[in-house]
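All chains should be built: construct the whole structure from the sequences, respecting the hints.
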Amino acid sequence: MANTEHVDNEVGPTVGVADAAAGASLAEIGVIGGSGFYSFLDDVTEIQVDTPYGPPSDSLFLGEIAGRRVAFLPRHGRGHHLPPHRINYRANLWALRSVGARQVLGPCAVGGLRPEYGPGTLLVPDQLVDRTKSRAQTYFDGLPLPGGTVPNVVHVSLADPYCPVGREAALEAARRRDWEPVDGGTLVVIEGPRFSTRAESLWHQAQGWSVVGMTGHPEAVLARELELCYTSLTLVTDLDAGAETGEGVSHEEVLQVFAANIDRLRGVLFEAVAALPPNAGRDCLCTKALGGMDPGFELP
Numbered sequence: 003m004a005n006t007e008h009v010d011n012e013v014g015p016t017v018g019v020a021d022a023a024a025g026a027s028l029a030e031i032g033v034i035g036g037s038g039f040y041s042f043l044d045d046v047t048e049i050q051v052d053t054p055y056g057p058p059s060d061s062l063f064l065g066e067i068a069g070r071r072v073a074f075l076p077r078h079g080r081g082h083h084l085p086p087h088r089i090n091y092r093a094n095l096w097a098l099r100s101v102g103a104r105q106v107l108g109p110c111a112v113g114g115l116r117p118e119y120g121p122g123t124l125l126v127p128d129q130l131v132d133r134t135k136s137r138a139q140t141y142f143d144g145l146p147l148p149g150g151t152v153p154n155v156v157h158v159s160l161a162d163p164y165c166p167v168g169r170e171a172a173l174e175a176a177r178r179r180d181w182e183p184v185d186g187g188t189l190v191v192i193e194g195p196r197f198s199t200r201a202e203s204l205w206h207q208a209q210g211w212s213v214v215g216m217t218g219h220p221e222a223v224l225a226r227e228l229e230l231c232y233t234s235l236t237l238v239t240d241l242d243a244g245a246e247t248g249e250g251v252s253h254e255e256v257l258q259v260f261a262a263n264i265d266r267l268r269g270v271l272f273e274a275v276a277a278l279p280p281n282a283g284r285d286c287l288c289t290k291a292l293g294g295m296d297p298g299f300e301l302p
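Taking this note's numbering, the leading residue of the sequence shown gets 3, the next gets one more, and so forth.
Hint data in this document are derived by calculation from the structure and do not stem from the laboratory. C-beta: ideal position from N, C-alpha, C; glycine also. There's no promise every hint is true.
Listed next, with one range per pair, are the computed distances between beta-carbon atoms [stated by the list, open to error]: (1) D265 to Q209: 25 to 35 Å; (2) G56 to L301: 14 to 24 Å; (3) E118 to D285: 32 to 42 Å; (4) G194 to L145: 22 to 32 Å; (5) D44 to Q209: 37 to 47 Å; (6) T289 to T151: 21 to 31 Å; (7) A262 to P146: 46 to 56 Å.
Below, the structure is given as C-alpha cells:
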C-alpha cells in the first residue's frame, strides 16, 4: 500500500472523530467485502481508525472508483481470520461513517434456499431475517461508552432494511454488466461459522426465505442506526442443504464459486458506485432513521 495513516476517534462528552473536517473528506462510499475486492480501487491509501467500540476488522483502504472516493473494509480482516460471529460490526460501520462514507455496499456469499437460485445467482435482497444469537447489534444499548457517555434508548424502524436508492443502483449495475439479478428476496442470517443442518435449511425454505448467509446482520441494522444507506448484494455460491440432495455445503465449494464470480461482482460494484447519488443529494428513508430523536452521542 502506498501510504499508512492513523485516525483516532476521541471519546469525551460526545463521540466523534478527532478531526471531523479531515475525516469527512476521505470517502463518500463504503464497501464491506472480502479480500478479493482490494484490487478494484485505484490510488490506494491505508489508514487505521479507532472507534469507541474497539478496532474494526482491519484498516480502511481508501481509493477511487469512477471518480468517487471509496473506503473499502475487509469484513473478515486480512487473511480471513475473523469468523462471522466475532466480527466487530459496530466498529466497522462506525469507522466507515467517521471517514465520511454515507452510503455502504455490502457484497457477501450466501446459500440458495430455492433450486432456481443456484450457484452464480446474484440476488439483491429487500428483506432480512435475523437468526443470530450472540452479536452486539445496536448502538443504543444504554451501556456507557469510554469517557462516560451513555447512549439513549432509541428505536429505529427497519420495516424496509435496505436503501431503495442503493438497491436500484445495484440492480441496474448488474444489468449493465449483462448479469440479470434477482430483484428482491429475503436474506436470513445465521450465527455460523457452521452451515445449517438439513432440518434448519428446510425450515428456512418453508418460511419462503430466499438465501442464507452469516454476515448480513447486524450490518444493515447498524447502518440504519447511523443513518447510512446500506445495500446488500448477495452472490449464491451453493444450494443450501435443504435445497439439494447431495452431501450438503462445503467450504471448498463456496470458495470455488466465489472465486469464479469475483471479477463479475467487482464489475457490478464498480458500476453501482458510479451510479450512487452524491451524499449531499440523499433523500431516502435511511437519512431520517432517527427521526429527530437524540441518540445521546454525536454521530461521527
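Check: If you check the beta carbons of G56 and L301, does the distance land in 14 to 24 Å?
Finding: holds (18 Å)
Worksheet entry | Q209 and D265 - C-beta distance against the hinted 25 to 35 Å | holds (33 Å)
Pairwise beta carbon distance, D44 to Q209, judged against the given window 37 to 47 Å = holds (42 Å)
Holds or violated: 21 to 31 Å for the Cβ distance of T289 and T151? holds (23 Å)
*Could you see if the CB distance from E118 to D285 stays within 32 to 42 Å?*
Holds, at about 35 Å.
22 to 32 Å as the expected CB spacing between L145 and G194, which holds or is violated
holds (25 Å)
query = Do the Cβ positions of A262 and P146 conform to the proposed distance bound of 46 to 56 Å?
reply = holds (47 Å)
The earlier numbered hints are all upheld by this structure, with none contradicted.
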